[in-house]
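There are 2 protein chains.
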Amino acid sequence: MATKEEYTIKSRIWIRTKNGAFLGFGRVALLKKIDEYGSISKAAADMKMSYKKAWELVNSMNSQHSSPLVIRKIGGKGGGGSVLSAAGKNAIKVFEDLAQKNDDFLNDRMKEIQFDDE
Amino acid sequence: MATKEEYTIKSRIWIRTKNGAFLGFGRVALLKKIDEYGSISKAAADMKMSYKKAWELVNSMNSQHSSPLVIRKIGGKGGGGSVLSAAGKNAIKVFEDLAQKNDDFLNDRMKEIQFDDE
DNA sequence: ATTCGTTATGTTTTCGAATAAATAACGGAA
DNA sequence: TTCCGTTATTTATTCGAAAACATAACGAAT
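Residue numbers (numbering that gives the first Met the number 0), protein chains in the order written: chain A, 0 to 117; chain B, 0 to 117.
In short, the hints are calculated from the structure, not lab data. Treat the hints with care, since some could be wrong.
Keeping only pairs whose Cα atoms sit at most 25 Å apart, straight-line, the calculated SDA-like set for lysine to any residue is [what the hints assert, rightly or not]:
| # | chain 1 | residue 1 | chain 2 | residue 2 |
| --- | --- | --- | --- | --- |
| 1 | A | K32 | A | I91 |
| 2 | B | K47 | B | G77 |
| 3 | B | K100 | A | E4 |
| 4 | B | K100 | B | T7 |
| 5 | B | K41 | B | K88 |
| 6 | A | K9 | B | M109 |
| 7 | A | K92 | A | E55 |
| 8 | B | K9 | A | A98 |
| 9 | A | K100 | B | T7 |
| 10 | A | K100 | B | I8 |
| 11 | A | K9 | B | D103 |
| 12 | A | K92 | B | I8 |
| 13 | B | K88 | A | S10 |
| 14 | B | K47 | B | K88 |
| 15 | A | K100 | B | A20 |
| 16 | A | K9 | B | N58 |
| 17 | A | K88 | B | I8 |
| 18 | A | K9 | B | R15 |
| 19 | A | K9 | B | S10 |
| 20 | B | K9 | A | E95 |
| 21 | A | K52 | A | S62 |
| 22 | A | K9 | B | I112 |
| 23 | A | K100 | A | F24 |
| 24 | A | K92 | B | I112 |
| 25 | A | K52 | B | T7 |
| 26 | A | K52 | A | V82 |
| 27 | A | K72 | A | E35 |
| 28 | B | K17 | A | F114 |
| 29 | B | K100 | A | D96 |
| 30 | A | K31 | A | K88 |
| 31 | A | K92 | A | D102 |
| 32 | A | K41 | A | E95 |
| 33 | A | K31 | B | T7 |
| 34 | A | K31 | B | F114 |
| 35 | B | K92 | B | V27 |
| 36 | B | K51 | B | G77 |
| 37 | A | K9 | B | N18 |
| 38 | A | K32 | A | Y50 |
Fair warning: this is a prediction, and the values are worked out from it, not measured in the lab.
All chains, please: the whole structure from these sequences, using the hints.
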C-alpha cells in the first residue's frame with residue numbers, strides 16, 4: 000500500500016435546462032446511433048439499452064429544444080423510423096467539441112499538478 | 000413542449016489511479032468534514048453517510064497515495080479519532096482549485112455557444 | 001478491570017433504478 | 001384487409017448498490 004501512483008483526471012460534462020438533463024455523453028451516443036440506423040429501436044438494441052429508456056431520452060431531448068432533435072415516424076413502410084433533424088446533428092457536434100476542449104484543458108492543468116511529493 | 004430554453008453546463012471531475020477512483024467531490028467533502036470533526040464517524044454522521052462507507056472511502060484514498068491523507072487513531076482517550084495529514088489538506092486544496100478553474104473554463108465556453116437558434 | 005467512544009469488519013436488509021415483458025397504435029404496401 | 005416493423009405506453013420483475021445492523025478490537029484514563 001501507499002506506493003507512488005500515477006494520477007489521471009476524468010470528467011463528465013452535461014448540459015441541462017431548468018427541467019433537467021438535456022445532453023450528456025449517453026444522450027449524444029444515442030443520437031449518433033439513431034443517425035446511423037434511422038431507428039430508435041435499432042439504436043437501443045445496439046447500445047444494449049431498453050427501447051423504453053431510449054424512447055424516454057429522445058422524448059426528454061425533444062421537449063427541451065425549440066425544435067425536435069429526433070424526428071419520428073410511426074407506421075408505414077418498414078413500420079416507421081426516426082431521423083435526426085439539423086438541430087440534432089448540430090447538438091452532437093457542439094457537445095463533442097465542448098467535451099474535447101474540456102478534456103484538453105483538464106489534461107493540461109493536470110500536468111502542472113502533483114499530489115504526491117513522496 | 001419545445002419552447003426556447005436556457006441552457007447551463009455542469010461537470011464532475013475526479014482523479015483516479017489504475018486502482019480506481021482516488022479523489023472526487025464526495026471524497027473531498029468527506030476529507031473536509033473529517034478535518035472539521037477530527038473523527039470519521041462524526042463526519043459520516045454529519046453527511047448522513049454510513050460509517051462503513053466513509054471508512055471504505057478513507058481506506059481507498061489512503062491506499063492510493065504514498066502517504067496517508069487521513070491519520071487514524073484507534074482506542075485511547077475519547078476512543079480515538081482521525082486527523083488530516085498535510086497531504087490530506089493539500090489534496091483538498093488542489094482538487095477544489097482544479098474544479099473551480101474547470102467550472103470557469105466551461106462557463107466561458109458556454110457563453111459562446113447557442114444550440115437554439117429558434 | 002472497567003469504562004468510553006472511536007475505528008474495524010462482516011452480515012443482513014432495504015430500496016429504487018434498470019430491465020424485461022406485454023400490449024396497443026400506427027400507416028404504407030401488397 | 002392483412003402483414004410488417006416500428007413507435008408508444010403500462011405493468012411486472014430483477015438486480016445491485018446503499019443503508020442498516022451487529023460485533024469485535026483498541027488503548028488511554030480512572
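Outcome of the hint check:
Straight-line distance between C-alpha atoms of K32 of chain A and I91 of chain A comes to about 11 Å, which keeps the hinted pair within the 25 Å bound. Proximity of K47 of chain B to G77 of chain B is assessed by CA-CA distance (about 22 Å); at most 25 Å being required, the pair is judged to hold. Restraint check for K100 of chain B and E4 of chain A: satisfied, since their Cα atoms lie roughly 24 Å apart, inside the 25 Å limit. Between K100 of chain B and T7 of chain B the alpha-carbon distance is near 17 Å, which keeps this suggested pair within the 25 Å criterion.
About 18 Å separates the Cα atoms of K41 of chain B and K88 of chain B, which keeps this hinted pair within 25 Å; it holds. A distance of roughly 20 Å separates the Cα atoms of K9 of chain A and M109 of chain B; the hinted pair therefore holds under the 25 Å criterion. Distance check on the hinted pair: K92 of chain A and E55 of chain A sit about 22 Å apart at the alpha-carbon level, within 25 Å; holds. Among the hinted pairs, K9 of chain B with A98 of chain A is consistent with the structure: their alpha-carbon atoms are about 11 Å apart, no more than 25 Å.
For the proposed pair K100 of chain A and T7 of chain B, the alpha carbon gap of about 17 Å is at most 25 Å, so the pair holds. A hinted pair counts as satisfied when its Cα atoms are at most 25 Å apart, and K100 of chain A with I8 of chain B qualifies at roughly 14 Å. In summary, the hint linking K9 of chain A to D103 of chain B is supported, as the alpha carbons are separated by about 17 Å, within the 25 Å threshold. Note on K92 of chain A and I8 of chain B: the hinted pairing holds, with a Cα-Cα distance of about 16 Å set against a maximum of 25 Å.
With a CA separation close to 22 Å, the supplied pair K88 of chain B and S10 of chain A stays within the 25 Å bound. For the given pair, K47 of chain B sits about 22 Å from K88 of chain B by alpha-carbon distance, which is consistent with the 25 Å threshold. Simply put, K100 of chain A and A20 of chain B have alpha-carbon atoms about 23 Å apart, close enough for the 25 Å limit, and the pair holds. As the CA atoms of K9 of chain A and N58 of chain B are separated by approximately 21 Å, the hinted pair is consistent with the 25 Å bound.
Taken as a hint, the K88 of chain A and I8 of chain B pair is honoured in the structure, with Cα atoms around 19 Å apart against an allowance of 25 Å. A hinted pair counts as satisfied when its Cα atoms are at most 25 Å apart, and K9 of chain A with R15 of chain B qualifies at roughly 7 Å. With a C-alpha separation of about 10 Å, the suggested pair K9 of chain A and S10 of chain B falls inside the 25 Å cut-off, and the hint holds. With a C-alpha separation of about 15 Å, the suggested pair K9 of chain B and E95 of chain A falls inside the 25 Å cut-off, and the hint holds.
About 15 Å separates the Cα atoms of K52 of chain A and S62 of chain A, which keeps this hinted pair within 25 Å; it holds. Between K9 of chain A and I112 of chain B the CA atoms are separated by roughly 23 Å; this keeps the pair inside 25 Å, and the hint holds. For a cut-off of 25 Å, the pair hint linking K100 of chain A to F24 of chain A stands: about 14 Å separates their Cα positions. Restraint check for K92 of chain A and I112 of chain B: the C-alpha separation of about 11 Å stays at or below 25 Å, so the hint holds.
Between K52 of chain A and T7 of chain B the CA atoms are separated by roughly 24 Å; this keeps the pair inside 25 Å, and the hint holds. For the suggested pair K52 of chain A and V82 of chain A, the alpha carbons sit about 18 Å apart, so the restraint of at most 25 Å is met. At most 25 Å may separate the alpha-carbon atoms for a hinted pair to count; K72 of chain A and E35 of chain A meet this at roughly 16 Å. Pair hint K17 of chain B plus F114 of chain A holds up; C-alpha atoms about 15 Å apart against a cutoff of 25 Å.
Of the supplied pair hints, the one linking K100 of chain B and D96 of chain A holds, its CA atoms being roughly 19 Å apart against a limit of 25 Å. Annotation: proposed proximity of K31 of chain A to K88 of chain A holds, straight-line Cα distance about 8 Å (limit 25 Å). Taking the CA atoms of K92 of chain A and D102 of chain A, the gap is near 15 Å; set against the 25 Å cutoff, the hint holds. For the proposed pair K41 of chain A and E95 of chain A, the alpha carbon gap of about 23 Å is at most 25 Å, so the pair holds.
Distance restraint check for K31 of chain A and T7 of chain B: the Cα-Cα separation of roughly 22 Å lies within the 25 Å cut-off, and the hinted pair is therefore satisfied. For the given pair, K31 of chain A sits about 17 Å from F114 of chain B by alpha-carbon distance, which is consistent with the 25 Å threshold. Proposed proximity of K92 of chain B and V27 of chain B is supported: the alpha carbons are some 9 Å apart, at most 25 Å. Restraint check for K51 of chain B and G77 of chain B: the C-alpha separation of about 20 Å stays at or below 25 Å, so the hint holds.
With a CA separation close to 14 Å, the supplied pair K9 of chain A and N18 of chain B stays within the 25 Å bound. Only pairs whose Cα atoms come within 25 Å are accepted, and K32 of chain A paired with Y50 of chain A is accepted, the gap being roughly 13 Å.
Checked against the numbered hints above, the structure violates none of them.
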